[in-house]
Amino acid sequence: MPQVSLKVNGKPVTAEVEGRTLLVDLLRETLRLTGTHVGCDTSQCGACVVHIDGESVKACTILAVQVQGSDVLTIEGLAAADGTLHPMQEAFREYHALQCGFCTPGMVMSAIDLVKKNPKGLSEQEIREGLEGNLCRCTGYHNIVKAIDAAQQVMHGKVKELPRAAE
Amino acid sequence: MAFEGIGASVKRREDLRFLSGRGNYTDDINRPGQLHAVLVRSPHPHARITGIDTAAAKAAPGVAAVFVGADLAAENIGGLPCGWQIHNKDGSPMAEPPHPVLAIGKVRHVGDPVAVVIAETKAQAKDAAELVSVSYDVLKGAPSLEAALRPGAPLVHDEVGGNLCYDWHIGDKDATDAAFAGAHKVARLELVNNRLIPNAMEPRAAVGEFDTMSGDYTLYTTSQNPHVIRLLMGAFVLHIPEHKLRVVAPDVGGGFGSKIYHYAEEAIVTWASAKVKRPVKWTADRTESFMSDAHGRDHVTVAEMAMDANGKFLGLRVHTHANMGAYLSTFAPCVPTYLYATLLAGTYTTPAIYAEVKAVFTHSVPVDAYRGAGRPEASFLIERLVDQCAIAMGMDRVEIRRRNFIPSSAFPYQTPVALQYDSGDYVATLEACLKASDWAGFEARRAAAKARGKLRGIGISTYLEACGIAPSAVVGSLGARAGLYEVANIRVNPTGSITVFTGTHSHGQGHETTFAQLMAAKFGVPMDQVDIVHGDTARIPFGMGTYGSRSLAVGGSAMDRAADKIIAKGKKIAAHLLEADAADIEFKDGKFQVAGTDRSKALAEISLTAYVPHNYPIEELEPGLEETAFYDPKNFTYPGGCHICEVEIDPDTGVVSVVNFTAVDDVGRVINPMIVEGQVQGGVAQGIGQALLETCVYDADGQLLSGSMMDYTMPRADNLPNISVGTSVTLCTHNPLGVKGCGEVGAIGSPPAVIGAVVDALKDHGITHIDMPATPQKVWGIINANRPRMAAE
Amino acid sequence: MYEFTYHRPGSVADAVKLLADPDARAMSGGMTLIPTLKQRLARPTAVVDLSGIGELKGITVSGGTVKIGGMTTHATVASSADVAKAIPALAKLAAHIGDAQVRNRGTMGGSVANHDPAADYPGAVLALGATVHTNTRAIAADDFFNGMFSTALEPGEIVTAISFPVPEKAAYVKFPNPASRYAMVGVFVAKGPAGVRVAVTGAGANGVFRHAAMEAALAKNWSAAALDGVTTPVDDLNGDIHASKEYRAHLIGVMAKRAVAAAG
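Residue numbers (this note's numbering), protein chains in the order written: chain H, 1 to 167; chain E, 1 to 793; chain A, 1 to 264.
The set of hints was computed from the structure by calculation and includes no laboratory data. Worth double-checking, as some hints may not be accurate.
[Said to hold, decoys possible] In silico DSBU-like pairs for lysine-lysine, Cα to Cα no more than 35 Å straight-line:
1. H:116 with H:160
2. A:92 with E:450
3. E:122 with H:11
[Unchecked claim] So the derived list for chain A, only partly shown, Cβ under 7 Å to chain E, looks like this:
4. 79
5. 178
6. 179
7. 241
8. 243
9. 247
The structure displayed is predicted, hence computed values, not measured ones. For glycine and all other residues, C-beta sits at the position ideal for the given N, C-alpha and C.
Could you put together the complete structure from these sequences and hints?
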């Protein structure tokens, strides 16, 4: 069986996998990082999005062996060591951008990549278009868009504290 | 501390785990020694099984067992039960053909399970599943209502002639006919309510585990109602008594109705875990979800409204055919009957209503409740028909609604179709929504859009729904085979913290927050002193689960009742400690106080006394501070409201964009506005999805063409607008909280508003109605076929 | 997925050796291959991952030609200042392929070699009169695509790069499939060294094709109005639940006009 060595959330990991093992299965089954979810089998839903070397990737559409030597970041590795949430996580909570929570990890990981790639800032329409690869069935996206808009202001250093949601 | 009482937008306490990847969904659960199950499903809509050869699969690497329908039949395993019995017009019961867990003799829809392969890994189980050789004698299928009703149509069940499950009716036919005979004008509408595939983001999953020592079974499952599953599966399918069967529904990733039902896979993994003496896990691939999760809607209807010369509604006549799919899912029969036709008065004073509903078996996935369940079908019919009435009368759409509204002075209002509405103010929600949406300024926006080459339209819906399901005796008389009360158990712990066990289940609704808010307010303690527990039959006394927007109205009321019992007992304890009469003790702000004095005991002092009963009225009062309440609602609750939608159509491509959406709903008392708003937005998104994007398509033979997210159009962020949500409250009069329910209003109220807007935008193209979904192809077809006269001029 | 052996060669030569096995499959970004394998629609004995071959990556612009390595991701093309300057239509096309995650992994060579009828790049390759370079030869765009999921590539032949002559004007406009978001109709129009060329992707039953009638009309008069009355025969178009052949034919006209307008 092939062996794969990589970093997951900053920690070195080596595991035996089959050639056909998907990254998402390595994460969920071998490493028991079950925050990365599988919501479809046609690469549409984005519940499995993680970062590989800083870029968002659907972990259901990449083989575990392909990430040899890479740095993988999952939802579990996003908060600071002291538990401080990433601004995107904090914004999702503040703006009620999640309900059942199943799409949330992938949505958050995609949103972070989207914001990072657009340092000039995104309009509401650009946020909506940028979420093309992620499906949510609960929220109607309204609050997800609001959360990302708020988080981008913190991530780009425009404000120090997350703008609070209206009561 | 921020205000966290009733009416505060308290942030959700469940979010931290979901945002950190620490949720605990069924597929996240791995039990020691667990095996994996993969189902072999029918590729045919209709076929006779002439043989199943499992030898090669059994010999494949890692395979522990392969089972087929005959293996279950040999152990007297029952079929999947139906929880509701409808009676025909003649009083005879509906046709209720068997629904085997694994197909026996015949397969009746693509995806019908035929065999299960259980192996060490899922990959091995999948490999081996391909080696199960099923021989089929392929028969002609009838997947649609039209095909199944055709004379000589292939029968889904040999014993059910004409594929007719039931032929039911409600209302006063003679009075309705008389209304039509005296009508000034009649508006008529034929419509299709399109079939939907629920697609909660978490695919269904189940893990069965058998304890060989105790004989106890545990099922972890993606369910909205674990106790219902325990009841149905234990009593009817596997014959396991309740005390030997535990059902756990942990974090569940959305349900929308599709996770109410008892599914074959739950029974299979539970049963098989005892056969192989190891835990067995099954998780659906999304492709399986498409062909095995119960679908929703799928009606074909003809409706007519009789009006007098002033546009007052005199009578409503409705004929509906409802697709049941191949088998009766758990609650399927009640959806197009008691959750549909009883709503046909809507918000209007229509004095005479008659509806007949024929339910039909077809070679398709079973159809059952999907967000709104019957009520979206009713509201779509009524609101679209009212728009036709306006056209027929040459009257404004808003004006004809105003003329026919049940006035707020008329409550309680008895409709001609069984329901008695307790409260509402339809003019108030209408006015608020007209204002919030700037209805009056629309024509200027239409003109501006026209200048940009876009067709702009506006649509309105003033809907009503019935939820808070449901009074047991009422639904029992209508065919329900269960009670629909809810249960709460409240444990005030010795040091005064509170654990609330509820029979409802949260799969996105935020119960851990809203219920904690409710109970913290009731007991006058901080929210962090209250924990909410749900989803485990071993921890919660009983419960009927979450659907029909019932959790707060029924489950919350049960909590309120249990809390009242706690307070009553607390008063007795306080009276003893304070040497006062219990009748003189008041409970307020977390304290038991002798009225008119400053002598009081805090809840925590009372609870400690209850558990350490040294100075205690032990002769008359048991120690401990824990109470249970079963709350059976007196009536349904009746949320209603007004939804206004504006669309723009690109006439070159037919693409419809929702540019404004405004909802003003009366959901009764609001506990957490943030959560209510989110529930409405999510419901509206699914309503817009139904109206513009989503539809299940079978080909003529019964192959599922919209069988994946590559072909079934799921709403994405850029398909949807900002959704403006407001509330205009009248209180429910019959539950202690005054709450009505908010989970389904979005999906119920929005589709007619969206379609009304599309039709309005196309009003120069010769149409008065368009069936859902209004896809670009369909809209372009209309534009292309009916170039407006102004273009030709 | 069926089990297979995974290889990640470091050079084209090594990859070619591995692909000599007729049951081996080359994988570039894997955005089509992996879903195909997951559905068990293919059963290769070996998967040869080309991502370790440095020589297949990169973008160079020289002498009126943009040359893009086969393993260059869509995201790289989309964010390349060089591409944006030389052929903005190509950068824009790349920025709208699939979703962000597809763009981070999917590659130009993979897209072109696969010739999925709903892919975007074939439209650019054909309309811009690009040249497809492989490990053995250079193939003109007009000779490259020969039917749905079919190209002039021999078994084991690898797309190493694609060179695009810089056009005078070009634009690509697509109508995505409402469900999958892949191109249901995409029209790439270009006016350049190779003349006026119009390529249609997404719509054709045989994959990407050139639209002769539109090319003729635009060669005479480069304007959206020139396409008035130019129709598309429906015979060789796809039809499905989202779009009939007739609707696709109509959309080809609309997208083409919008593309010409966008190209300026």
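Against the structure, the hints come out as follows:
{"no.": "1", "hint": "H:116 with H:160", "verdict": "holds, 17 Å"}
{"no.": "2", "hint": "A:92 with E:450", "verdict": "holds, 29 Å"}
{"no.": "3", "hint": "E:122 with H:11", "verdict": "holds, 27 Å"}
{"no.": "4", "hint": "79", "verdict": "violated, 21 Å"}
{"no.": "5", "hint": "178", "verdict": "holds, 5 Å"}
{"no.": "6", "hint": "179", "verdict": "holds, 4 Å"}
{"no.": "7", "hint": "241", "verdict": "holds, 5 Å"}
{"no.": "8", "hint": "243", "verdict": "holds, 5 Å"}
{"no.": "9", "hint": "247", "verdict": "holds, 5 Å"}
When each numbered hint is compared with the structure, a violation occurs for hint 4 only.
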